[in-house]
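Kindly generate the complete structure, drawing on both the sequences and the hints.
What follows is each chain in one-letter form.
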Amino acid sequence: MIKQIVSALKANQMVSGWLVSETATVSSQVFYVMQKKETTRRVETREYQVTVYHRHGEQHEYLGSSAFAVSRKSTKSELAKKVEAAVFAASFVKNKTFDLVKGERKRSWKDPADLSDPYVLLDEIANVFFAAATPVSRFNALEAFHSRQTIRILNSEGVDLTKTLAKINIEAIPSHDGPERKVELIRMYAYRAVNLEQVKKDAAAAIADVAMRYAAVKIENVATADVILQGDDVEEFLRALIDDYSYDSIYQQNTDKRIGDMIQKDIRGDALSIGWTTFSKADAFDRDGVLLSPVRVVEQGKLMDYYGANQYAQYLGMKPNGVFSTIEAACGKTTIARMKVKPHLEILALSGIQIDTYSGYIGGEVRLAVWFDGKNLIPVSGFSFSGNIDKALSDLVLSKEAFTSISYRGPKCLLLKAMDVL
Amino acid sequence: MTGKFSKYLKNKKPALQELIRLLGEKYAYASVLASDVSGTTISVDRSTTTVNPTGLTECGFVVKVFDGRAYFEYSTNEIDGKHLDDVIAAVERLVTTKTTVPSVSVGLLQETPIVKKFNRKNVGRDFTAEEIIAILKGYVESTLASDAMIVNARTSIETVEISKMFLSKAKDLEQYYTWSNSRAFVLARRGEITKYAYDGFGDNSIERALAALKAATEQTAKLAIELLDAVPPKPGYYDIVTDATITGLIAHEAFGHGVEMDMFVKDRAAAKDYMGKRVASPLVSMRDGAASTFSVASYFFDDDGVLAGNTKIIDKGILIGGISDVLSALQLGQVPSGNSRRESYKRKAYTRMTNTFFEKGKSRFDDMIASVQEGYFIAKTNNGMEDPKNWGIQCTAHYGREIKKGKFTGKIVSPVVMSGYVIDLLESISAVSSDFDVIGSGSCGKGYKEWVRVSDGGPCLKAKVKIG
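Protein sequence lines, in the order shown, are assigned to chains X and Z. The numbering used here applies: residue 1 is where the first sequence begins, and numbers increase by one. The numbering used here applies: residue 1 is where the second sequence begins, and numbers increase by one.
It is possible that some hints are incorrect.
To be verified - Derived contacts from chain Z toward chain X, CB cut-off under 8 Å, selection only: (1) D45; (2) N52; (3) E73; (4) L94; (5) T97; (6) S103; (7) N152; (8) E192; (9) S414; (10) Y421.
Calculated directly from the structure, the hints in this document are not laboratory data. No residue lacks a Cβ here, since even glycine has one placed at the ideal position from N, Cα and C.
As structure tokens, this is what we get:
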């Protein structure tokens, strides 16, 4: 199919450049209800997205573009019509001109192939989760996805790159039925390769956490507290802090910060170093065909570089470093044990961390936390915390211990001082 | 917009019917959902224009079979009439997958025979990309020229046409319908303070969606400038009056997810034990359904071939019903409510909300404001997260206007994060306004994934909530 698409693009003389992305997905999915198999699914698809570029204007000063999807086999004339419609739309798009990424040779990368039958693997994983159940705690729902995706990017400037990425995603709902009430948590896991020992630890932790939610009480007589975030919430927080420093965000003036500016004021705690990296060797290029190598966006609290897509990098006169999905941050010097010496609230489950960098708000509804009052550890639930990001950044403490996931490498915990608790 | 059911799917129909016949020789149940969804999102801001396929774009098939023990689904975007054996072999491989985990006990789907075609065209005329870009650009330019504090403005329209076909031994259904979503986003700056505002709405008419976007963009620009003076609210318990978007957010996140009956099957919803019991103030009645009102989720049949429903969930404060997909309804011994929805043909169907709202009441908005001693009028949905088993709330409004002694003080706060216990909130509702609006521009996830388009709304509510 890709040959026919390229042929249709080359046949239209109004096309100044083009980019084709082909995505082939094989996904095996099993859905469990009350620890029994409910539905088994298989997905096999091959889809394309085509971007047509059209140079126009009296001085050829504009590079318009228009994209369309090809989700099924199409005839030569259908493809020609789609290309023609895209050229027509692009001729009214008056964007500043830029160069498409240039390619020198065909290259490809692959995550190591797992030779096991995906359904056997998912069955093993499900069994590990279910083995962690107790008479009162179990997984009321478990969804397991094994996917392997091959993405090929071709453009009119010689880019021809292919990557095959594999991952396993699990959504688990640990639940605890007690004499007084029933409680649950939502836990999401993403694994690049299967390590059943890690799965076992995750399952055990999920069951322990939900049992703790059952035991949790209302927090009382605590108006402010140092809050310890962990794992995915740390990732969300750090991701939000650099969200506005992409090339397009800078070009669109979403922030007034520029390279060299401090993003942390009056640093009394740890200085932040945050950037982007790839989650595996195979994750080697972005949607434009830019080859990816790690980028440091913030170093010691100072904005050092922007990041993002080819088009906007060129608008800013910079060399594009690409669009990444994995965030990387430097750890601190404080151990988690040290962090927990003074009274604090350790958040184990939020309904979703709320961060608005424009208003400086950070907070969330807490589904499970442990309150340490200086003497006792008390599981607590059903309250919220909030605070100001700028103030929190001045006194931030990052853990020495690291946490790694498909989308994050960095400190496992961070401490936000003096948050309001309600 | 073609105005017609997909020619591609029409051409595939004989092959799909033959596939069902062949699968029916081996399996107790076989069906095919065929989807062809296309559309474009055109977006213009101060410096760039983009023309992209809508994120809803899809074209593919879900083949579903029941082998007497469990259900299996094979999703593919290629079914060739000459190679049906390939599909049958793929289904066979799926059904014979090795597993050590026992299956749930589930029976055969019973379907009532039906043959029907539905068509709902875009109202008004169609627009070329040139015309849309010119209109959107005009709105952006006038917004940027309206105030020096406006740093950027973005306007966009997404136009979608949806063709779906559901075939089984008993069913032969086809539907074609369209929808358009307009959106405005404005960024304002004064000194070191930067704030944003946004708006979005949907219509079954590109013409009306584009026309209404002008005033929406102007209002969004005014709000963005106002928000430069906003501060976060002081955490505490307040009386609030909601706009229709926040009413919808409460209906959807706080309660709606809890009556999705696949959650009953998984013992994940507290509502299961509250049927027939009081869950809200007697002023509260709530509905959901693709046929309950006209908005973005107003399809004719769902992704399992069940005709659109209109379910009353809460009647005068009493929980009386839930919504369901076919598989959950089968396991619960209920009649499915037409709420089976998939993110795309590549995903499983779950019970999902469609158009969800509180019914209107009799109070006047002005009287509701006048009755607030200290609180906020809170508006514009930002996000929310459900907790159906434990009925925790997290609903975030983009802003609130302070009310003291029954009058607006002119102070604006942002963001407004509400939390607490669902039943406390619903029981605290002390007034429901007589006006009514359902907004169809949003998307909803189940947990943290499975995004589908939904609408929600209703009247303005007066309630007491925890903010902070």
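Task: Hints violated by the structure (listed by number, smallest first) - done: none
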